[in-house]
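Those protein sequence lines, which keep their order, are chains A and B.
This note's numbering puts the first sequence at residues 1 to 414.
This note's numbering puts the second sequence at residues 1 to 414.
Source of the hints: derived by calculation from the structure; they are not laboratory data.
On a predicted model such as this, the values are computed, not experimentally measured, just so you know.
Using N, Cα and C, we set each Cβ at its ideal position, and we do this for glycine too.
It is possible that part of the hints are untrue.
[Unchecked claim] If the Cβ cut is set under 8 Å, some of the chain B residues that face chain A in the computed set are:
1. Pro196
2. Trp216
3. His235
4. Pro254
5. Leu257
6. Ser382
[Stated by the list, open to error] Here are a few chain A residues that sit away from chain B, every Cβ distance over 10 Å (derived from the structure):
7. Arg7
8. Thr50
9. Glu150
10. Glu193
11. Gly255
12. Asp293
13. Tyr320
14. Asp333
2 protein chains.
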Amino acid sequence: MRIAIDRRRLVDRLQEQANIGGIDGERGLDRVTLSEADREVRDWFRDRMTDAGLDVRVDEVGNVFGRRPGADPDAGTVLLGSHLDSQPHGGIYDGPLGVLAALEFVETLEDEGITTERPVELVNWTNEEGSRFQPAMMGSGVWAGALSQEAAYEATDRDGVRFVDALERIGYRGDVPAEPGYDYDSYLELHIEQGPRLDDAGDDVGVVTGVVGFQWGEITFEGQANHSGTTPMHHRRDALVGAADVITGVRRIPGTLGERTVGTTGVIEADPGSINIVPGEVTFTVGFRDPDDETVAEAVDRVKGEAAAAAEREGLEWRYEERMSVESVDFADRCVDAVQSAADDRGYASQRLVSGAGHDATRVASVCDAAMVFAVSEDGKSHSPQEFTDWDDCYAAADTLANAALDLAGVADE
Amino acid sequence: MRIAIDRRRLVDRLQEQANIGGIDGERGLDRVTLSEADREVRDWFRDRMTDAGLDVRVDEVGNVFGRRPGADPDAGTVLLGSHLDSQPHGGIYDGPLGVLAALEFVETLEDEGITTERPVELVNWTNEEGSRFQPAMMGSGVWAGALSQEAAYEATDRDGVRFVDALERIGYRGDVPAEPGYDYDSYLELHIEQGPRLDDAGDDVGVVTGVVGFQWGEITFEGQANHSGTTPMHHRRDALVGAADVITGVRRIPGTLGERTVGTTGVIEADPGSINIVPGEVTFTVGFRDPDDETVAEAVDRVKGEAAAAAEREGLEWRYEERMSVESVDFADRCVDAVQSAADDRGYASQRLVSGAGHDATRVASVCDAAMVFAVSEDGKSHSPQEFTDWDDCYAAADTLANAALDLAGVADE
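Using the sequences provided together with the hints, build the complete structure.
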């Protein structure tokens, strides 16, 4: 059975939420986790779930669930959701589109008087973005057991405010344990792609088969700080020259490994940082991602080779310190198939792809089978008010989500 | 006529001054311009000049002069000196060695009862280092007319303190106009090399024939900040990759131009500076020096070529902004010859070289004929407590200075 969601209502809801924590004069959001704007959008979303007849609960890290019973009380639950928090200067789709598409699904079930076999739950995960409190994907991480609740509670923002205190302040420290309290059958998440692949190909929706793994590290070169006027070139041990060599390597390595491999240096600091002094110490980050964990490991090996060669050329000491490493995720075939079938049946041009960014689904996939639907990101822009997905693309992705979810939840016999 | 200075007194004086603003547990100085330590060393130096019978005056930017009359009241003055201020974590030789060698010369004249033909003056220039108030060589710059007194007065330190107020506070805002009030015949300055050439060659003293010219600029690349996980490599416009290409070029360019050419990137800033975001904007400095101004101009042209090529490869916008440009200085033959003859006559192995760093002599050379004597810097280290010149090398340089100065000042007939 296939269902048709209400396009008008979906668009209205997207516009409504975009006014909560909106940025003056821009189509963007400043709705950082546990802010006043986050409280406001949570209240608004809770009311929408209550209006839709859902049984709402809040867990100890502020994840908000809304449950709709199924015909079979013993059947595993189908969970649907994403996040309502934003980057400090983010777009209006990153997160909310997935939450509101899930809401649209259960509202459509209500409208159509459909009872599913399995219970269906909506969820708004706390602090997916990680811009105020680290790490990102905090709510889903604690819920799935990848992060301790204590570590989440003790995380502090730049002003020294603890996560747990900020959570308490906005009234979303719930009393339900932050863990899967039910048996979960599957999880589906709709999210904007945040990359250009769908837009490049002219596709309508993305069928996400997994999430890339990555490793982040930091390389430090130590040379010799020296006067830039009096030190001949052959006497120098310039740490920044070594770093430049490696950054060039980071640009080159992905092209030697795979079509989905990416490598980035995002942060660099040179000491002492004077126009007139040869840099004696430079630290910079290197990060590689690929759907295949062995390719990530190979990229890290190669960048270490580049660092060793640069150190040898320039007479430097060097070290590599791993900062974070996350294995790739392969989504369950049955969930991916449900998304693919829904896209095909509804007539959308689709593309199977691996997510280059982490999502709450990365965490939930360790608890139950999972998959994702990607909506088109125009020009791949995200984490910026320039982020854009037109209403047709929002609708196509939400429609695909709803029909895949219905497939997984099953329709009860009348 | 040749004279012999007092090695014991020179060493004692060097050690005395090293205790004023000394760094605990290190053989270094923290005697930043117009600090309490600077006041103390100025008072101490003024007393030493007074004891030596000199007529002391302080000008409006705090340059302190001590004048010893010559036999010919109409003859131009021979000026000798350097600076007593230091870097915040500097060595004990950079500056003071030149001032105290000059003092040692006039004390030896007193000891020997020598009357020179020309008047002789000592000078301690204000704020040579430029670490607290920019630009460097401030006192000599105002005196020589390269910098306006108003600009010097209005320069502020990191705490917002104005130069003129700091000068007033330590009691060294004098009332003599900061300009050459006498006719100056010549200027000699002894300074440590701050580079490795004398040490490498095993020479005793350096005969400095000029000062390199330089140009400092800033290059900015603008690309596109983007998610490091979702943006394929071929969609990136990575400003830091462009910068890395140019930094490699800065390392390479000097070797294609001249044996004395040097090029340095000392400062780099990458925005937004997140481990997870492709850098959208990077700004970094480039600086080139060479004894030949045309070579500096050629180096700047070539680095612009590297920037244009990098921008083309990576799809970036770029711009070059000149920050400072100083022409090279050729010292007057007769002053250089005086230094060379003194070194030869006293039996020192010498090397003729061009200073890679700017000195007060760079400024004074626009007022009168000038030259410099370089003392050996062990391993070329400077601007650090590791700066080291052994007493033999201090003596050799001071002895050379004294005999060159006597040559220029002339001995009056009895």
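How the hints compare with the structure:
Given the 8 Å rule on beta carbons, the hint for Pro196 (chain B) holds: about 5 Å separates it from the nearest Cβ of chain A. Interface restraint check for Trp216 (chain B): the shortest CB-CB distance to chain A comes to about 6 Å, inside 8 Å, so the restraint holds. Satisfaction of the interface hint for His235 (chain B) is found here, the shortest Cβ-Cβ separation to chain A being roughly 5 Å, below the 8 Å cut-off. At about 5 Å, the closest approach between the beta carbon of Pro254 (chain B) and any beta carbon in chain A falls short of 8 Å, and the interface hint on this residue holds.
Interface restraint check: Leu257 (chain B) against chain A, minimum CB-CB distance 10 Å, threshold 8 Å, status violated. Evaluation of the Ser382 (chain B) hint against chain A yields a held restraint, the C-beta minimum of about 6 Å falling below 8 Å. With a closest Cβ-Cβ approach of about 27 Å to chain B, Arg7 (chain A) is found to remain outside the 10 Å limit, as its non-interface label requires. Chain B leaves Thr50 (chain A) outside its interface by the beta-carbon criterion, the shortest separation being 35 Å against a cut-off of 10 Å.
Every Cβ of chain B is farther than 10 Å from the Cβ of Glu150 (chain A); the closest lies at roughly 25 Å, confirming the non-interface assignment. Interface exclusion of Glu193 (chain A) from chain B breaks down, the closest Cβ pair being 7 Å apart, not more than 10 Å. Distance check for Gly255 (chain A) against chain B: the nearest CB is about 6 Å away, which does not clear 10 Å, and the non-interface claim fails. Distance check for Asp293 (chain A) against chain B: the nearest CB is about 15 Å away, which clears 10 Å, and the non-interface claim stands.
No beta-carbon of chain B is positioned within 10 Å of the beta-carbon of Tyr320 (chain A); the least distance is around 14 Å. The beta carbon of Asp333 (chain A) sits about 24 Å from the closest Cβ of chain B, which is more than 10 Å, so the claim that it is off the interface holds.
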